[in-house]
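Below are the chains, spelled out letter by letter.
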Amino acid sequence: MEEVDRIIIHSLRSIGCDVDDQVQSLRQFGTELIVATVVRCLKIIIGDIDLPSTLPPGMSARFRLGASLANQVQDLGYKGGDLGYQTFLYSNETEIRRIFMFLVEKLPKETSQAADEPMGSSVLLRRAISIEIGTQLAAAWTPPFLKKKGIRSRTKPPGWQREGACCLQHYHSCQITTPTSVGNLAVKIPKELRAYYNKQMPYVTNQTPRHRDTAPSVLEANALEVAVQQDWENEWNQVGLASRLSQQEFKKRKQDRLLKLIRERLQQDSQRREKAGGLSGATGDLQQLLNSIESQAGAANVKTKGSRFANTEKLQYGKDEEKTMSQVGAAVPTKDTEEELERKRQEEVDSLRSELAQLTSDLEKLDLEVRKFTASKQQMEETIGAEQRDAEQKRAAYSVKKRTLDLLPDAEANIGKLQSVVDTSAQRLVNLAKQWESHRGPLTEQYRELRQYNSKRESEAQKKLEEIKQFRARMKEVADDARRKDELQKQLVSEYERMTKDVNRSAYTRKIMEIVANIKKQKQEIDKILVDTRSVQKEINSLTGKLDRTFTVTDELIFRDAKKDEAVKKAYRFLAALHENFEQLIKTVEDTGAVVREIKDLEDQIETESNKKVLQNLEKITADFQEMKKENTALMAKVKGKK
Amino acid sequence: MLLAFEDSHKEHLSFLVDLDPEVLKEFGKISMNFIRKGTNPKVFQGAAQKLGVPVETVQHGVEGLMFLLTESCKYMLSEIDFQDSVMTLGFSEETRAALLDLYTEHQREVRDILQEMSMDLPHYRDLEWRFDMQLASRSLRHQMSPSILLRLVTEDEGERTSTMLETDPVNLVHMTRVLETALQEMKSGYCRRIVRNIK
Amino acid sequence: MELSASALEHLSLAGDATHIPDKSFGKLVLCACQGVLLEEHRDVVADNPAFKDLDKAVLKSGYSGLVTLLLEAAKHDSTEQTISTILEECKYTPERVKELNKIFTIQKPHLQLLIGKIGSSFPHIVDIDWRLDYYMKNNHMEKVNSAVYLISLKTEVAGETELKEVQFSCSLEQLQDLVGKLKDATKCLEKISQV
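Chains as they are written, first to last, in the numbering used here: chain A, 1 to 643; chain B, 644 to 842; chain C, 843 to 1037.
If you are wondering where the hints come from, they were derived from the structure by calculation, not from laboratory data. It is possible that part of the hints are untrue.
The calculated lysine-lysine pairs, modelled on PhoX-like cross-linking and capped at a C-alpha distance of 20 Å, are [as the list claims (entries may be wrong)]:
hint, chain 1, residue 1, chain 2, residue 2
1, A, Lys401, A, Lys377
2, C, Lys979, B, Lys842
3, C, Lys985, B, Lys717
4, C, Lys985, B, Lys842
5, C, Lys950, A, Lys148
6, C, Lys940, A, Lys147
7, C, Lys940, C, Lys869
8, C, Lys940, A, Lys148
9, A, Lys148, C, Lys1006
10, C, Lys898, A, Lys199
11, A, Lys149, C, Lys985
12, A, Lys149, C, Lys996
13, C, Lys979, B, Lys717
14, B, Lys685, B, Lys672
15, C, Lys944, A, Lys43
16, A, Lys156, C, Lys950
17, A, Lys188, C, Lys898
18, C, Lys865, C, Lys944
19, C, Lys959, A, Lys147
Simulated DEER-style distance windows between Cβ atoms [said to hold, decoys possible]:
hint, chain 1, residue 1, chain 2, residue 2, range
20, A, Ser25, C, Val1037, 43 to 49 Å
21, C, Lys979, B, Glu771, 30 to 36 Å
22, C, Glu1015, A, Gly641, 50 to 56 Å
23, A, Ile529, C, Val1037, 57 to 63 Å
Since the structure is predicted, the reported quantities are computational estimates derived from the model, not experimental observations. All C-beta atoms, glycine included, are put in the ideal place defined by N, C-alpha and C.
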C-alpha cells in the first residue's frame, strides 16, 4: 500500500497540488487536503469547472461541495461503490485510496499526451511568448518619470522590457575604418600608413560622429563584408572555377567586361542625343564621364571617336564666345539713343541668331558632306587597290609572254635547254620532296604525341575541376549538416532539460520491477507453505489411520483376552477411556485451531473497521451536525430579525 | 419661463396673427425648410403675390417664425410655456394650436441643428487595436517585445482624423484601469447628485 | 553568428599573446564593452595605462575585433559554446576564452539593451489623464446637460525627452465603447499569457 500511496502522492504533486513533504501515505490526508486535491484533479481532468479549491467555512456549503464532488467523480465513470458527500468529508482510507487511484489513472492520459507530443519550435515559441506576456502583465505600472528612458529592468526573470519610445533610435550606420593586416608579417605596410594607424586613427568606438551610431556601424560593416564574401564565393563556385582562371585574373576580367559594358551603353546614348541635335551641358557631363572611363580603361581606339565629339563641342562653344566678344566690341563705340540701341541690339541679335542658325545648318551640311566624302574616298581607295592588283597581274603576264617571245627565234636549242632546266627542276623537286618527307615524318609524330598529351592533361584538369566542385558541394553539405545537427542538439537538450522535471520514469519502472519480484517471492513462499500444509495434512491423515488401526488391533487383542482375565478387562476399560480421552484431546486441539483462526479473522475485521475511523467520523458528524443546527438557528434568527 | 419678445420681433410676428391656420401651417413648413437649408427669396415672392401683401412683410413673418422656433428650442420651453409666450402676441386658439404642433413636432430636429452649430472639440469616434510581438530586429535577433498598436479615430467639426499609437501591456492595463475608474466616477453619488440637481 | 574575414583577423590579433599580454587581455575586453555602451567611455581604451607600451596599430585592430565579436554575439544571443568555437578557431587559449565569456555573460544584457533600442515605433502611450466636465449650455443652446470626458494620452516619441499629448473629448457612451475595446485587448493578452 505504501508504494501505491507514494505513487499517488507523487502524481498529485506533479499536477501542482500543495502536498506537504512530510505526508507519506494517504492516511495522513486531512479533509481539507482531500477536498483540495480532488478539486485540483477534477479541474485538470474536466478543465472548465467551477469549484472552490478550499473548504468553505459554512457547514451547508461544505456539504454541497462534497455532494457536487461526488457527482463529478461519478460522472467520470467511477464505479467503486456508493459515493456521497461523506466519502470526502468523513473519509476513510481505503475509499479515498480507491478514488485517488481512479482519478490519477484518469489524469495522465491527457497530460502525458500533451507531454509526449514532440516539442516543435512553434510550441516552444508560443510558450515563450505566453511566459513573457505573463511576466509583463504581472508588473505594476510606474509613471514614466520613474523609468530611465522608458526601460524597466527586471530581476526575475532577469532582463528588461521597453515601456516607452523615447529611447529608440534609427538604424543609422557610418563608414568605419580599421587597420588592415597589421599582424600579418607577409604584407608590407607603407611607413606612412603605419604611422597613421599608430598615431592618428581613432579607436573604433570613437569614429562615428554620434556615439550611439557605433553599434549599428560595427554590425553593418561586419554584415557587409560577410555578404560580399558569400556573394563572391557563390560566383566563384558557379562561374569562376569553370573559367579556369586565377582569382585575380577572374576579377580583372570581370571588371573589364563591366567597364566595357558601361562605356558602350553611355556611348550609344550620347550618340543618340547627338543625332537628336540637342547639345546641352548634360551631354557634356556625360562626355566627361565617358572620357574618364576611357582614360581609366586606356582604350585608344575609342578615344578618337570621343575626342572628335569633344572637338566639335569645343569648336562650337569657341565660336559662340567669339561672337559675343565681337558683339560687345561693336556695341561700345556707337552712342545712340537707348531705343535705337535696343532696336539695333535686337536686330543684331536676330541677325546673329539667323547667322548662327545658318552656320549650324551649314555645319551640319558640311558634316554630312564630309561623311559623304569619306565614304566616297574609301570607295575610291578600294577601286584603286583593285586596279593596282589588276595591273600587277597584267605586268607578270606581260613578262612571261615577253620571255617566250625572246626564246622563239632559236627554238630547237632553247627547247632542249628548257627541257634540261625542266628536268633538273623536276629532279630537284623530287629531292626536296624526299627531304621534306624525311623531316615531316618525325615532326608529325611529335605533333601527334604532344596533342595526345595535351588532351590527356586537359581531361585530367577537367576531372580535377569536377572533383573540386564536388568537394565544395560536399563541404557545404557537411557544414549545413553540422549546423542542422547543432540545432537539433540544442533543441533536444532543451527538451531533455524539461523532461527531467517530469515524472521519474526509470525510478517508477524499477519500483514496479521490485514489486513484481516481491510478489513472485511471496507467491513462492505461499506455494511452499501450501506444500507444507498438504504434507502435514497427509501426515496427520496417515497418523490417524495408523492410530485407528493400532487401536482396533489392540482393542481386538485385549477384548479377546478380557474374557479370560479380569485384569485385562480392566486394561480394556482403561484403553477405551484412554482412546476416548485422546479423541477428545484431538478435538480440543482442532477446536483451538479454529478459534485461533476465528480470532485472527476478527482481528482483521477490527483492523479494517478501525481504519474506517467510524468513531472519529461519528464524532465529527455530530459536531458538524451541531454546527449546522447552530447555523440554521442563526439564519432563522436573521430571517426573523429581517421580518 | 416665458419668452420676452423684442418690439421689432413682435411687429414682424403680428402679420401672422391674422392668418388662417392652414396658411400658418404652410408658413411653418417654409420656416422649417429654411432652418434646415437656408432661406430662398423666391418663395417669399410667390407667397406675397398669393396673399397680396408686400414681399417684405412675408419675409419678416417667416423670419420671425424661425426666430421664435429657435429661441423656444434654445430654452427648451415646455408646451405650456410656449403657449403662454405665444398668447402674449395675440394669436387665436386655433393658430396657437397650429404653432404648438409645429413646435412639438420639430423641437428635436431644431435642437440637433443647434447642437451642430455649437462649439466642438475633437471627440472620440473609434478605436482599433492589434497585438504584435516583435521577435527579431535587424540589430537584435532573439527578442520578445510585445506591443499593442492602436488606431484612434477622432472627429472634429465633421472631419475625421486617425492617429496611430502604440503601447505595451503594462501601460495598456494601466490605461484600462484609469479609464474604468473614470467611467465609474459618473456613477458616484456626487456626480449623480449634480446630474439630479442641474436641470 | 558569422564574422567577416577581417573581423576574424582582428580577433586573432587580440588573442595573440605576443601582441596583447595575458594580463591586459581582460582589461581590453572590458574597455571594448564600456566603449560600446557608454558615450563618456567611448575613448576609454586610449586613456588606459595598461596598454601604454603596446603597438597602437595592433591594439586598435584587436580592439575593433573584440567590439565586433561582442556586438555580433549579443545580436545573435550566442551561447558560450558558440563563442568558444569561434575563439578556438582564432587560436585563443582556454584561459582567454573563459575570461572573455565571463565578461560577456555579465555585459550581455547591457549590450542587448543597447542594440534592442535600435528601431522605430509610433508614439508610445505611457500615461493617461482624464477630466470629467458637466456640459450645461452654450451660446446656441441651453440645458444641454451631458457629461463630457476630456482625455489626454501622454505619449513618448523616439528621440525626444518631452512627453507629447493626444487630446480628445468623449461622451459617456463613447467612453464606454473605448473602455470596452481596451478591456477586450487586455483580456486577449491575459488569454495568451495562460496558454
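Here is what the structure says about each hint:
no.	hint	in the structure
1	A:Lys401 to A:Lys377	violated, 36 Å
2	C:Lys979 to B:Lys842	holds, 11 Å
3	C:Lys985 to B:Lys717	holds, 8 Å
4	C:Lys985 to B:Lys842	holds, 7 Å
5	C:Lys950 to A:Lys148	holds, 19 Å
6	C:Lys940 to A:Lys147	violated, 34 Å
7	C:Lys940 to C:Lys869	holds, 14 Å
8	C:Lys940 to A:Lys148	violated, 32 Å
9	A:Lys148 to C:Lys1006	holds, 17 Å
10	C:Lys898 to A:Lys199	holds, 8 Å
11	A:Lys149 to C:Lys985	violated, 47 Å
12	A:Lys149 to C:Lys996	holds, 15 Å
13	C:Lys979 to B:Lys717	holds, 9 Å
14	B:Lys685 to B:Lys672	holds, 15 Å
15	C:Lys944 to A:Lys43	violated, 46 Å
16	A:Lys156 to C:Lys950	holds, 16 Å
17	A:Lys188 to C:Lys898	holds, 17 Å
18	C:Lys865 to C:Lys944	holds, 15 Å
19	C:Lys959 to A:Lys147	holds, 15 Å
20	A:Ser25 to C:Val1037: 43 to 49 Å	violated, 36 Å
21	C:Lys979 to B:Glu771: 30 to 36 Å	holds, 34 Å
22	C:Glu1015 to A:Gly641: 50 to 56 Å	violated, 43 Å
23	A:Ile529 to C:Val1037: 57 to 63 Å	holds, 59 Å
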